[in-house]
Amino acid sequence: MTLPTQLVLQAFLDAFADDPQRQLYGLEVCALAGLPTGTIHPILARLERLGWLHSEWEQVDPKQEGRPRRRYYRLDPNSVAAVRAAMARAQASTAGLRQLRPGLAGGGR
Amino acid sequence: MTSILAVVPCLAQRDLERMAEKVREVRNRVNMTPLDRATLRDMAWQLATLASRVRSWDYFSTPVTYVSVALAHLNVIADEQPSPTQMALHIAELDHALETALNELPRSWSSATTTDGARVAVLMMQCSVRVLPVGERARYRDEFAAELYELREAPRRMQLAFAVRLLIHSMGLRRVLRQAQVAPIRQRGR
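Chains A and B are the protein sequences, given in the same order. In this text, residue positions in the first sequence follow the working numbering: the first is 1, and each later residue adds one. In this text, residue positions in the second sequence follow the working numbering: the first is 1, and each later residue adds one.
In isolation and in its complexed conformation, chain B is listed as follows (with noise of 0.2 Å):
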């Protein structure tokens, strides 16, 4: 157990590490000219996967709040056609929010090192959706973070206790989940 403990805020931390280096990215190619649309989507999506990670491990993340804001008016720069004028606001905006992200990074490592018994449920909750119909896994997802967040004050040996039975009774919610898919269905073949 010692030794997950030890590896999962590596984990986190390295997400953090990981967006920390694309989000630079972004902020140095977003200032070169021309803009290359192809490689900013390509970057827009390694981004949102990084930041998706990120906010796995820490759900009220505040730089990953920013980097959403910098990929919405990166899918714009990328995507869409805009004026000189509102590119020009698009990417003052875009570096504003990638900066923000940036300065608000080294709180969270510190957070990422320190509270290691919640990563493990957080890791541990995250197993037992990843079993779910695919459908339903946002749904359980956040209803199961919702729950361990109200365990937030509980000892640690609570929340992990949390963490396992989610665990234990994720095959019996994929039963239960995946007949729930499947009787509609077979109704419509008769």
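This is chain A alone, in the form it adopts within the complex (with noise of 0.2 Å):
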């Protein structure tokens, strides 16, 4: 698992733990990952197939909002286990390379 994805497993774990029901968009995403915008969707598709993430668009009337809706994403609560699972997983494997390079995306938190 690529560290980008392990930041954005991890941004959606966070958002569970505090709320189950909460949904992110995708600029939330790469906020909360510190992720650049626009680099997630490859990342986010993927999830979603996996059957790890859901998606559905926002619930508004764009005329009323005056903005377009948004497509929102949350984690599957099925599938929270098999994420931390799979999270342990990566992260043990990748420790060795955030001691190396300490400064690597997500080696730093």
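The hints are simulated quantities; they were obtained by calculation from the structure and are not laboratory data. Possibly wrong hints are sitting among the right ones.
[Stated by the list, open to error] Now the in silico label distances, taken between C-beta atoms and shown as ranges:
1. A:V60 - B:P82: 31 to 37 Å
2. A:V60 - B:Q81: 50 to 56 Å
3. B:R37 - A:N78: 27 to 33 Å
4. A:H54 - B:R137: 19 to 25 Å
5. B:A38 - A:G51: 46 to 52 Å
6. B:R178 - A:E65: 29 to 35 Å
7. A:G51 - B:E80: 22 to 28 Å
8. B:R24 - A:N78: 55 to 61 Å
9. B:E99 - A:G51: 50 to 56 Å
10. B:P106 - A:E48: 40 to 46 Å
11. B:M32 - A:W57: 38 to 44 Å
12. A:S79 - B:D36: 57 to 63 Å
13. B:Q81 - A:P62: 54 to 60 Å
[What the hints assert, rightly or not] Computed, partial: chain B to chain A, Cβ under 8 Å:
14. W45
15. Q126
16. C127
17. D142
18. E143
19. A145
20. A146
21. E150
22. E153
23. R165
24. L166
25. L173
26. V176
27. L177
[What the hints assert, rightly or not] Partner residues aside, some chain A positions facing chain B, computed with beta carbon under 8 Å:
28. R22
29. G26
30. L27
31. G38
32. T39
33. H41
34. P42
35. A45
36. R49
37. R69
38. R71
All values derive from a computational prediction rather than experimental measurement. In this text, a Cβ means the ideal position worked out from N, Cα and C, and glycines have one as well.
From these two lone chains plus the hints, build me the complex, please.
So, in structure tokens, the structure goes:
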């Protein structure tokens, strides 16, 4: 699992810990994961395909709100254990890498 | 980069001018008797294509909203056989919608020639959607547009950086989406 994927998953796990119903949209995920905007859609698509994330359109009328509706993502409650296990495995395998390069994304956290 | 910034507003303006021309053409044609339904259908299709192009530059384009209303009436006039009373009502509504669209166009022209940085970002966003599988384009176009809209207050360089990154990562997204489409077919084949 790549470091950006771990960061995205960690953002969702943190959001889930705050509120299991919490949903995040693309820019929010980038902000929470500390990744640049516009880089996370392949990761989100892959995680959605795995069934770890679900996405849906925001339930608003764009005309009334005066803005396009957002696509919201949330962690699948049934996959939380699998996500945590995968994260633990990935973090163990990248621990050496983090020691070598402490400044690496997520390494300083 | 300067040359691109100069070209993009011109493209947006050209689309608006074409739409205005088509709107005028439809207005004239609808008031002609007898009604040539085949020509009206053809014009409705052309107008819908132009409106879709203008909407891709300006998501909340007011003229396009009125053109959409006009198209709904135009399709009824061209495809159905309304009674003379209903026909008169549809023509009146169509005429009103087209007139309002024409009145709203000058404001769109001025915005098309000012926010050039945002237009470049939109253009790049459209390119990144183009490489995705056809069935996924509408979803990602709306999703990217919503995120770009959220950055409307951000400096222009941030909007452009967002669009450039979308473009760079679009091939990765395409790969994931194509795998997602192929996997169920392979599973069914087993």
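Cross-check of the supplied hints:
Taking 31 to 37 Å as the suggested C-beta distance range, the pair A:V60 and B:P82 conforms, at roughly 35 Å. In this structure, A:V60 and B:Q81 break the distance hint of 50 to 56 Å, their C-beta atoms being roughly 38 Å apart. The supplied range of 27 to 33 Å is broken by B:R37 and A:N78, whose beta-carbon atoms lie about 55 Å from each other. The hinted window of 19 to 25 Å between A:H54 and B:R137 holds, with their beta carbons roughly 21 Å apart.
B:A38 and A:G51 have their C-beta atoms about 50 Å apart, which keeps the hinted 46 to 52 Å range intact. As the Cβ distance of B:R178 to A:E65 is approximately 33 Å, the hint placing it in 29 to 35 Å holds. Hint check: A:G51 to B:E80, Cβ distance near 45 Å, so the stated range 22 to 28 Å is violated. One distance hint, 55 to 61 Å for the beta-carbon pair B:R24 and A:N78, holds here, with the actual separation near 58 Å.
Between B:E99 and A:G51 the Cβ separation comes to about 52 Å, which falls inside the hinted range of 50 to 56 Å. Take B:P106 and A:E48: their Cβ atoms lie about 43 Å apart, and the range 40 to 46 Å holds. At roughly 42 Å, the beta-carbon separation of B:M32 and A:W57 lies within the given 38 to 44 Å, and the hint holds. In this structure the hint that A:S79 and B:D36 lie 57 to 63 Å apart at CB holds, the actual value being about 59 Å.
For the pair B:Q81 and A:P62, the beta carbons lie near 34 Å from each other, so the given range of 54 to 60 Å is not met. For B:W45, the interface hint is violated, the least distance from its beta-carbon to any beta-carbon of chain A being 25 Å, above 8 Å. A cut of 8 Å between beta carbons decides the hint on B:Q126: the least distance to chain A is about 14 Å, and the hint is violated. About 13 Å separates the beta-carbon of B:C127 from the nearest beta-carbon of chain A, more than 8 Å, and the hint is not met.
Hint status for B:D142: holds, given a least beta-carbon distance of 6 Å to chain A, under 8 Å. Hint status for B:E143 relative to chain A: holds, with the closest Cβ pair at about 4 Å, below 8 Å. For B:A145, the shortest C-beta to C-beta distance to chain A is roughly 5 Å, which falls under 8 Å, so the interface hint holds. A least Cβ separation of about 4 Å between B:A146 and chain A falls short of the 8 Å threshold, and the interface hint therefore holds.
The restraint placing B:E150 at the interface with chain A holds, with a minimum CB-CB distance near 5 Å, inside the 8 Å limit. Given hint, B:E153 at the interface with chain A, is violated; its Cβ is 12 Å from that chain's nearest Cβ, farther than 8 Å. With its C-beta approaching chain A no nearer than about 3 Å, B:R165 sits inside the 8 Å limit, and its interface hint holds. Proximity of B:L166 to chain A holds as hinted, the smallest CB-CB distance being about 4 Å (cut-off 8 Å).
A hinted interface residue such as B:L173 counts as satisfied when its beta carbon comes closer than 8 Å to some beta carbon of chain A; here the least separation is about 4 Å, so the hint holds. Hint status for B:V176 relative to chain A: holds, with the closest Cβ pair at about 4 Å, below 8 Å. The criterion of a C-beta within 8 Å of any C-beta in chain A is met by B:L177, whose closest approach is roughly 6 Å, and the hint holds. The beta carbon of A:R22 is not positioned within 8 Å of any beta carbon in chain B (closest approach about 18 Å), and the interface hint is therefore violated.
For the restraint placing A:G26 at the interface with chain B, the shortest Cβ-Cβ distance is roughly 5 Å, inside the 8 Å limit, so the hint holds. With its C-beta approaching chain B no nearer than about 5 Å, A:L27 sits inside the 8 Å limit, and its interface hint holds. About 3 Å separates the beta-carbon of A:G38 from the nearest beta-carbon of chain B, less than 8 Å, and the hint is met. Here the hint on A:T39 is kept, as its CB sits about 5 Å from the closest CB of chain B, short of 8 Å.
This hint holds: A:H41 has a C-beta 5 Å from the nearest C-beta of chain B, less than the 8 Å allowed. Contact between A:P42 and chain B, as hinted, is supported at the beta carbon level, the nearest pair being about 4 Å apart and thus within 8 Å. Annotation: interface hint on A:A45 holds; nearest CB of chain B at approximately 4 Å, less than 8 Å. Because the smallest distance between the Cβ of A:R49 and any Cβ of chain B comes to about 5 Å, under 8 Å, the interface hint for this residue holds.
Of the supplied interface hints, the one on A:R69 holds, with its beta-carbon coming within about 6 Å of a beta-carbon of chain B, less than 8 Å. Taking 8 Å as the C-beta contact cut-off toward chain B, the hint placing A:R71 at the interface holds, the least distance being around 4 Å.
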